[in-house]
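Assemble the whole structure, with the sequences as input and the hints as a guide.
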Amino acid sequence: MTRPLRLFLLGACVALSGVIATQTLGCGSAVDDARADDSAISLPEIRGEEVAVLTHAPEVPPVITRDHATRVLVRMETVEVARELDDGVEYTFWTFGGRVPGPFVRVREGDLVAFTLSNAANSTVPHNIDLHAVTGTGGGAAISLVVPGHETTFEFRAIKPGLYVYHCATAPVGLHVANGMYGLILVQPAEGMPPVDREFYVMQSEFYTAGAMGEEGLQAFDLDKAVDEEPEYVVFNGRVGALTGEDALRAEVGETVRLYVGNGGPNLTSSFHVIGEMFDRVYGEGGTRVNQENVQTTIVPAGGSAIVEFLLDAPGRYTLVDHALFRAFNKGAVGILEVTGEERPEIMASTGPARPTAGAASAPPAASPAGDASASASTDESH
Amino acid sequence: MRCLLVALLVGVAGLPALAGAVHATPPEGMALVRAGRYRPLVETAGGPRTVRVEAFYLGRTAVTNAEYLAFVRARPEWRRSAARPLLAEAGYLRHWAGNLRLGAAAPPRAPVVNVSWFAARAYAAWRGARLPTTDEWEYAASASATQRDGRRDPAFRRALLQWYSRPAPSPLPDVGRGPANVWGVRDLHGLVWEWTSDVTSALVTADSRSSRDADSGLFCAAGAVGAADFEDYAAFLRFGFRSGLEARYVVPNLGFRLARDA
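Chains A and B, in that order, are what the protein sequence lines are.
Residues 17 to 399 (our numbering) are what the first sequence spells out, left to right.
Residues -18 to 243 (our numbering) are what the second sequence spells out, left to right.
It is possible that part of the hints are untrue.
In silico SDA-like links for lysine to any residue, alpha-carbon gap of 20 Å or less [as the list claims (entries may be wrong)]:
hint, chain 1, residue 1, chain 2, residue 2
1, A, LYS241, B, PRO135
2, A, LYS241, B, ALA140
3, A, LYS241, B, ASP134
4, A, LYS241, B, ARG75
5, A, LYS241, B, LEU142
Just so you know, these hints were derived from the structure itself, not from any lab.
As structure tokens, this is what we get:
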């Protein structure tokens, strides 16, 4: 029975109930059907137990191949640590696991996650965690608050597949997030995802330092800039240059790459783009369905994500950017995907060095009055 | 009668002669904090927007390791190896070298930390004092070097937030090095967190964004509802910290100071 028909019957049932006894009986089953359709999801049986593999960006934990739900133990420590945000620029990051972004967590739809959050003894403040993959009050935040030198464990069922942000939600939440407390958790669909050759973890976020971008030394957080949403830094994976030079992402021609892209914010929405590539498939906002193909730039909201996949057709240096371009070129939101392999001139090739456009030499300069001999002469000289 | 007097005092707030009706010399090591009104960060449902704080004495500095050592010498039941787990969890005085030895991680003049609320309360009673209430503590801590309420002063706020931009030093520095506020009290900010007498009746939920919780009576902090001042981030941090505490907890950057009725 189709859903609209059932709903129609349900409506008819309500209208007729109490009028004709037999019909009321008859539509009782329709009501049950309708309820069954919306009832609490059935939770799969939990078999066994395993410790989650956690990885630091840009690494992603291996694909989960098991065909059943299990109890997954996740252990994370919140650490406040001074690290470089840029060359010579330090910042006291508040982190999950000592790095920004926090570790990538990968579980399977239906898994029972036993999450232990500890707070390092030398932390200044308490922390907790809100995983957007959690169904229930505060996404776990209300039951995970830990003061320095303590730990707490809570359990949740990963009932909805998708790519989710997690973050600290302790008062004042904006400050905890602005200092670096976020990461991604992938709830892999029970049926799995199409295989790819490489997976990477990329997370954008911004930092509000007291000193202007590039000002060296230990930088304090600037509340006014955060409130005004005017960051000094917009970066991938926690620092300027985290994905460039030695640390560039690497792949080969012919491989398919999947990027798990998150945005910790706390304020800006990312216009995520890879210069020189299209995303063959986009799982919009980190959901479970490919909702678009051949996408140039995809939106990654603050506190949200996207999954993008693309086949590497040609070698080259592909640049990851927030296409809100001043963030990329002035605030740090740049990464490199280095692709090696055989050249593919049939896809893109130069057909010779740059040359003057036709007629450029004889055209009078726009600013010069026609017939001005000296202006024409100088134009000729410049070529 | 007393209530009437209080009401009168409130009505004429700003008349220093009346507002400072307490004359006794403060006990040694303490400063007089004069009566006044203060606006808590988090308003309780149906409660008053401001809270009257009576005059009280507050320790000029936090209690030090050396002072606490004198206490455990006098009260063996509070020595590290003797304290009952129900009253102080594992880790009690863990930065000390031994039951009666401070050691390198616990300089004598540094604030004592890793003490539970029960321990802090017992120490205060031994000294014939008490812990300040949260209202008293917050009221005293809202004073800058020049003003009773410095919270509107951007420079004061910035200075408080700076503390959180530095990793916690180890060992902790000595007490009394911070600037005195207008009451003559030091280090309310920038050294360690401090226990208050009613801290365990947490005022905020652990999830800082949730709002009114009719069942538990808990209230939000950073959420869109309930906070009186969204820019007082240092106050949010303190409320968040307190809401994570239980009375038997010990924390490496949580100490206390004494208070007395004036």
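Comparing the hints with the structure gives:
Between LYS241/A and PRO135/B the alpha-carbon distance is near 13 Å, which keeps this suggested pair within the 20 Å criterion. A hinted pair counts as satisfied when its Cα atoms are at most 20 Å apart, and LYS241/A with ALA140/B qualifies at roughly 16 Å. A hinted pair counts as satisfied when its Cα atoms are at most 20 Å apart, and LYS241/A with ASP134/B qualifies at roughly 17 Å. Of the pairs offered as hints, the one joining LYS241/A and ARG75/B is violated, with about 40 Å between alpha carbons and a cut-off of 20 Å exceeded.
This hinted pair checks out: LYS241/A and LEU142/B have alpha carbons roughly 14 Å apart, not beyond 20 Å.
Of the numbered hints stated above, the single one contradicted by the structure is hint 4.
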